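S.K.: Chain residues, written in single-letter form:
Number of protein chains: 2
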Amino acid sequence: MEEVKLFRTWSSPFALRVVWALKLKGVEYETVYEDLANKSSSLLEYNPVHKKVPILLHNGTPICESLVILEYIDERWNTTARFLPEDPLARATARFWAKFNDDQVAPSVFRAYVSQGVEQEEAIGPALEKLDIVEKQLTGKKFFGGESFGFLDLVFGWIAKYLGIFEETGGIKLLEQDRFPQILEWKDRFSDIPVVKENWPDHEKLIAKFRLMRDYFNSTAARCSE
Amino acid sequence: MEEVKLFRTWSSPFALRVVWALKLKGVEYETVYEDLANKSSSLLEYNPVHKKVPILLHNGTPICESLVILEYIDERWNTTARFLPEDPLARATARFWAKFNDDQVAPSVFRAYVSQGVEQEEAIGPALEKLDIVEKQLTGKKFFGGESFGFLDLVFGWIAKYLGIFEETGGIKLLEQDRFPQILEWKDRFSDIPVVKENWPDHEKLIAKFRLMRDYFNSTAARCSE
Numbered sequence: 001m002e003e004v005k006l007f008r009t010w011s012s013p014f015a016l017r018v019v020w021a022l023k024l025k026g027v028e029y030e031t032v033y034e035d036l037a038n039k040s041s042s043l044l045e046y047n048p049v050h051k052k053v054p055i056l057l058h059n060g061t062p063i064c065e066s067l068v069i070l071e072y073i074d075e076r077w078n079t080t081a082r083f084l085p086e087d088p089l090a091r092a093t094a095r096f097w098a099k100f101n102d103d104q105v106a107p108s109v110f111r112a113y114v115s116q117g118v119e120q121e122e123a124i125g126p127a128l129e130k131l132d133i134v135e136k137q138l139t140g141k142k143f144f145g146g147e148s149f150g151f152l153d154l155v156f157g158w159i160a161k162y163l164g165i166f167e168e169t170g171g172i173k174l175l176e177q178d179r180f181p182q183i184l185e186w187k188d189r190f191s192d193i194p195v196v197k198e199n200w201p202d203h204e205k206l207i208a209k210f211r212l213m214r215d216y217f218n219s220t221a222a223r224c225s226e
Numbered sequence: 001m002e003e004v005k006l007f008r009t010w011s012s013p014f015a016l017r018v019v020w021a022l023k024l025k026g027v028e029y030e031t032v033y034e035d036l037a038n039k040s041s042s043l044l045e046y047n048p049v050h051k052k053v054p055i056l057l058h059n060g061t062p063i064c065e066s067l068v069i070l071e072y073i074d075e076r077w078n079t080t081a082r083f084l085p086e087d088p089l090a091r092a093t094a095r096f097w098a099k100f101n102d103d104q105v106a107p108s109v110f111r112a113y114v115s116q117g118v119e120q121e122e123a124i125g126p127a128l129e130k131l132d133i134v135e136k137q138l139t140g141k142k143f144f145g146g147e148s149f150g151f152l153d154l155v156f157g158w159i160a161k162y163l164g165i166f167e168e169t170g171g172i173k174l175l176e177q178d179r180f181p182q183i184l185e186w187k188d189r190f191s192d193i194p195v196v197k198e199n200w201p202d203h204e205k206l207i208a209k210f211r212l213m214r215d216y217f218n219s220t221a222a223r224c225s226e
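So the protein lines, in turn, are chains A and B.
For the first sequence, position 44 (counting from the first letter as 1) is numbered 44 according to UniProt numbering, and the numbering increases by one without interruption.
For the second sequence, position 101 (counting from the first letter as 1) is numbered 101 according to UniProt numbering, and the numbering increases by one without interruption.
Chain A with its partners taken away, still in its complex shape (with noise of 0.2 Å):
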């Protein structure tokens, strides 16, 4: 009998990813939701090196790391279709780009979001540039890792949602037809995944959080530059 936990927040991309693999591969688990304002001792033992989620408990052994994660349940259920292709070198290509977009495209998105005024002018064409890097990766092909839906969807997956809301309440449009139409045409593709689909965080709390926490940077930054 398998014991599995997902400690996750229900607002974090990070965490969506975990939740897409695990029921594609259709592992029955537990999910607690953390409040990272006031974490959880189970959350402190489990990870104690981040002190972050996601984090998987299975069978009593946490595994931290959202794309450590993918890759542990990739290999530990692999009967059904794996995510990563069976070939070394499509391999470290799927974990080269894995990487590119959590040292780079996420954090410049993220950059040009919770800024504001001349800052996030200036940041938004570095999040761009990155940005354009992924178009590239998507010419001729339904997913990023060609005919059909594997690891690196999981990993760009936040794009699909989160661009939507960082435009509805930071007020910034990054994906403009003209200069990112496979991303947007994988964007629906991606979005019709019936496991992708039926998972993302409420829509309306999400603008209501990602208000708040724009607000909070925003006061931040204020007080720091007066």
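Just so you know, nobody snuck in bad clues.
Intra- or inter-copy, both count: the list cannot distinguish identical chains.
With a cut-off of at most 27 Å between alpha-carbon atoms, the simulated DSS-like pairs for lysine-lysine come out as follows:
#1 Lys51 - Lys136
#2 Lys141 - Lys51
#3 Lys136 - Lys39
#4 Lys161 - Lys136
Derived from the structure by calculation, the hints contain no laboratory data.
The structure presented is a predicted model; accordingly, all values stated were derived computationally and were not measured.
With chain A fixed as given, assemble chain B onto it according to the hints.
M.R.: Just chain B now, with coordinates in the frame of chain A:
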């Protein structure tokens, strides 16, 4: 006929991981030394995203990011002993700590090394705290993975040489015997492995290079605070 080329600098610890990995697997390869002050057109062509080395070129296809390259080598030349363990949970653990080294240990140690004065004093604490976490990982083990040499030893291998270089050129002694007995024991064990021992860059050249680099950082910092 396999064509394998490694683009690297002569002094970077990230390149050494790949050197050790290729030699341990018995892969014949050609080395191309890059000068980062004057990057070759090949470097820019093969790693346009990061414009960094190491790059492994295998039959004309580039693979970038040293951890990605390590996993590629392990999967592509898989008839000799594997670097990563077979068990998915042990693999996840190895990937977690590799990321921890690259995201936290190495940057915090480097920050302590290149800073000076009060700034250096403030940077040493966080670096020691990261190393404390590494120290704990070695409890009851000969190597990071347990009884035998593996993936994480390649990843943490830089510690065995570069902390000494930092001490000689930056005046910071991080690995005190009473605080880090296990890292120091591992360091001796690791340094005895022939492929490791035989492939360190020349000690005097490293000292000269890092002395120059530290001077450069300090003069830049001094100019910025004038």
